[in-house]
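J.: In case you want the letters, here they are:
There are 2 protein chains.
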Amino acid sequence: MSFDRLISLIRSKENPTVMGLDPKLEYIPAEMKETAYAAYGHTLEGAAEALLRFNQALIDAVRDIIPAVKPQAAFYEAFGWQGLRVLAATIAYAKSKGMYVIADAKRGDIGSTVEAYADGWLGVTEVESETYSPFGADALTVNAYLGSDSIEPLIRVCRTFDKAVFVLAKTSNPSSAELQDIQINGKSVYETMAAMCARWGEALPGQYGFDGVGVVIGATYPSQLRELRQKFPRLFFLVPGFGAQGGGGADVADAFDANGAGAIVNASRSLMCAWQKAPELGFAEAVRAEALRMKNDIIANIK
Amino acid sequence: MSFDRLISLIRSKENPTVMGLDPKLEYIPAEMKETAYAAYGHTLEGAAEALLRFNQALIDAVRDIIPAVKPQAAFYEAFGWQGLRVLAATIAYAKSKGMYVIADAKRGDIGSTVEAYADGWLGVTEVESETYSPFGADALTVNAYLGSDSIEPLIRVCRTFDKAVFVLAKTSNPSSAELQDIQINGKSVYETMAAMCARWGEALPGQYGFDGVGVVIGATYPSQLRELRQKFPRLFFLVPGFGAQGGGGADVADAFDANGAGAIVNASRSLMCAWQKAPELGFAEAVRAEALRMKNDIIANIK
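Line order of the protein sequences matches chains G and H.
Quick note on the numbering used here: the first sequence kicks off at 1 and runs consecutively.
Quick note on the numbering used here: the second sequence kicks off at 1 and runs consecutively.
These are computed hints drawn from the structure, not numbers from a lab.
Bear in mind that the values here come from a model prediction, so they are computed numbers and not experimental data.
Certain hints may be false.
Note that the list lumps identical chains together, so a pair holds whenever it fits in one copy or between two copies.
EDC-like, lysine to aspartate or glutamate: derived pairs with alpha carbons at most 20 Å apart [stated by the list, open to error]:
1. 187 to 64
2. 277 to 181
3. 277 to 227
4. 24 to 130
5. 97 to 181
6. 187 to 4
7. 13 to 181
8. 24 to 115
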């Protein structure tokens, strides 16, 4: 019901990073794609199969050094239900290898509808006498533009099934300022959102000092990371924007508290495409080398 | 690239309503479920098959009198990829019957990720030499908490494939006020959002006076409907909250302009469950009677 399972994995691997699984066909080695196309043709099913093989190879390459993966739903929905099928398979594969899975789907809707999202992504769905866990992620990213009653059903599911959510506060894109930075009585919209998250999180207390409603806050805004870290000591941060989006170890250091805790940093493209930049290493070693470089860059800056 | 196709259907059917397809197993007649379970068991696949049969029966019942359907993605994701498979099948079925399809998925993310959502829901995805339209909806609901650069990829796809989007402005749930009603220099967040939508919509001009970026604004807030209708004459409104959520014809009248145009009103549960309230009519006639009651209630209030 909190981020304790994730924090425990971060501690044991001494690595506060998460691998984004946002696959595109052009990121995938030709031989993986050809195997998939040979079986299913140039179809959505063939493409989805290539995505799955790619994800499995990435997970195999780093599962002993990176604690978590974060598949981005959009890159699977682009391939229709076949893409969603391999998203579910990717989540199951990562969990079977002991990794924590954050489904980056940024869902948000009114209460009765959010219940259905919560069941599908984190909880269970009943079909008469039988119970299923459709996607089975450990955490879900959420958009709370709709307010508290859009979050409460998620919190109920988190309590029941030991899951957690990350709510969008300050995103890493250039125009995030348009709405999120608007000042209201001296407080920005993103700070107002973070304060709501801190309050919602009280219902999901964790034993390591962080509650089960975290926030997404981009690595591209270090001063805002620092501000929120100081104001909300129990908020756990998911920090995208490392690597290909421009952030480095120094930029994300302020996401962590004095104990070097409180955040997990995501990199997607720099890990997924590492094999293209260092072909001499081979696929697995190239990903692994980049994963270790990222880990060391972050650790060096938070010590 | 605008709502012209939808507006044209609303005109020819003289009915500014959309049927929400937000199915739950308890809404489905026992005999439809039993047929599905007999083929696939009490599985996610069996449940998904029941959802599809239910949707097809609803569409068959009203396709000559209601111009559009709005499937809510959450109620399909609750059944995993099997649910998404029948969502795609439902969209294809509604389109084959001449209906306009609004995918209510409330997607929102940073630019490069929104591109993938746009391709999957409205546009096309390429797999080497082949091109596919994965979900093939006509319009998509969108959450623009991330700002302009999260909307631009959608607008590009709308221009290319003659599609449109509805952006969340003021939602129908009780706690929508927490963020959406905050006042900034005398302007609410939802009005700020509506103003951004009006600006974005200029890139998608329609011939009937409305642009291709509409807004979602709940029927539960009539005074706010009135305010936005007056301030933004070219914004097309999607108005949820009719029927089971409490709104009636009088509550939604202010969504329409002096010509009785500019909005489409959604009802989900009151249509989906009409057969339970009027069992003597039989499934199709019960849905149809409720659809006509809703149409007449709205038309009577906007004349």
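J.: Indicate, hint by hint, whether the structure satisfies it.
T.: Results of checking the hints against the structure:
Taking identical chains as interchangeable, the C-alpha atoms of residue 187 and residue 64 are never at most 20 Å apart, the minima being 42 Å within one chain and 51 Å between chains. In the homo-oligomer, the alpha carbons of residue 277 and residue 181 never lie at most 20 Å apart, since the shortest distance is 36 Å inside one protomer and 48 Å across protomers. In this assembly of identical chains, the alpha carbons of residue 277 and residue 227 never lie at most 20 Å apart, being 35 Å within a copy and 55 Å across copies at closest. Proximity of residue 24 to residue 130 under the C-alpha cut-off of 20 Å is restricted to the inter-copy arrangement: shortest distance 15 Å between copies versus 35 Å within a copy.
In this homomeric assembly, residue 97 and residue 181 never come within 20 Å of each other (Cα to Cα): the closest approach is 40 Å inside a single copy and 45 Å across copies. Taking the shortest alpha-carbon separations for residue 187 and residue 4, neither the intra-copy value of 30 Å nor the inter-copy value of 41 Å comes in at or below 20 Å. Taking the shortest Cα distances, residue 13 and residue 181 never come within 20 Å of each other, neither inside one copy (35 Å) nor across copies (44 Å). For the homomeric pair residue 24 and residue 115, the shortest alpha-carbon distance between copies (12 Å) is at most 20 Å, but the shortest distance inside one copy (30 Å) is not.
The structure is inconsistent with the numbered hints 1, 2, 3, 5, 6 and 7, although it conforms to all the rest.
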